[in-house]
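Working from the sequences, and respecting the hints, build out all of it.
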Amino acid sequence: MRTVPGTDKAFTYNIDSLAVFKLKADRKGDIAAQQDLAKVALGKDFQKVFSINKGSIPVRTDMLNDMSAEGFDSCAQASAKDFLADEKTGGLQPSMAHNMATSLAVQGAIFDVVTNFMNDKDADPAKASAQLASAVKAAQ
54 MRTVPGTDKA
64 FTYNIDSLAV
74 FKLKADRKGD
84 IAAQQDLAKV
94 ALGKDFQKVF
104 SINKGSIPVR
114 TDMLNDMSAE
124 GFDSCAQASA
134 KDFLADEKTG
144 GLQPSMAHNM
154 ATSLAVQGAI
164 FDVVTNFMND
174 KDADPAKASA
184 QLASAVKAAQ
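Residue 54 is where the sequence shown starts when you use my numbering, and the numbers rise one by one after that.
Heads up, some of the hints might be wrong.
To be verified - No farther apart than 30 angstroms at their CA atoms in a straight line, the calculated lysine-lysine pairs in the DSS-like style are these:
#1 K134 / K62
#2 K107 / K92
#3 K141 / K101
#4 K101 / K77
#5 K107 / K77
These are calculated hints, taken from the structure and not from any lab test.
Take a look at the structure:
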């Protein structure tokens with residue numbers, strides 16, 4: 054597998070989120086219901102079914118060591134192995150594309166400059182680099 058130079062020890066990730074609202078009062082067991090939902094969503098059975106069907110790896114790191122026993126495909130197994138290795142070396146990188154590493158304004162500025170650069174066969178890399186720095190500064 055080929056990697057972008059300088060990224061062989063980096064794992065870019067994004068996360069699915071489950072949010073529950075803070076309740077003013079526990080009416081008819083609402084808080085217990087929220088806790089039950091969270092418990093089920095984080096349970097091994099749900100994580101396995103969800104991740105296999107989504108094509109992702111479980112959020113539970115205790116499930117990542119032997120994913121072949123869990124029925125995950127070779128891609129998920131390789132992803133889990135890379136995640137665990139890069140977790141140990143500090144190589145986990147939140148995804149900019151999924152709004153985990155920067156603001157939407159900075160993301161948009163970066164995407165605009167990169168898109169223009171990639172679509173211009175005569176683009177000057179040095180000029181694009183300066184435009185990128187300027188765009189990010191302006192968007193912050």
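Open item on the list: Run through the hints listed earlier and report the numbers of any the structure violates, in increasing order.
Closed with: 4 and 5
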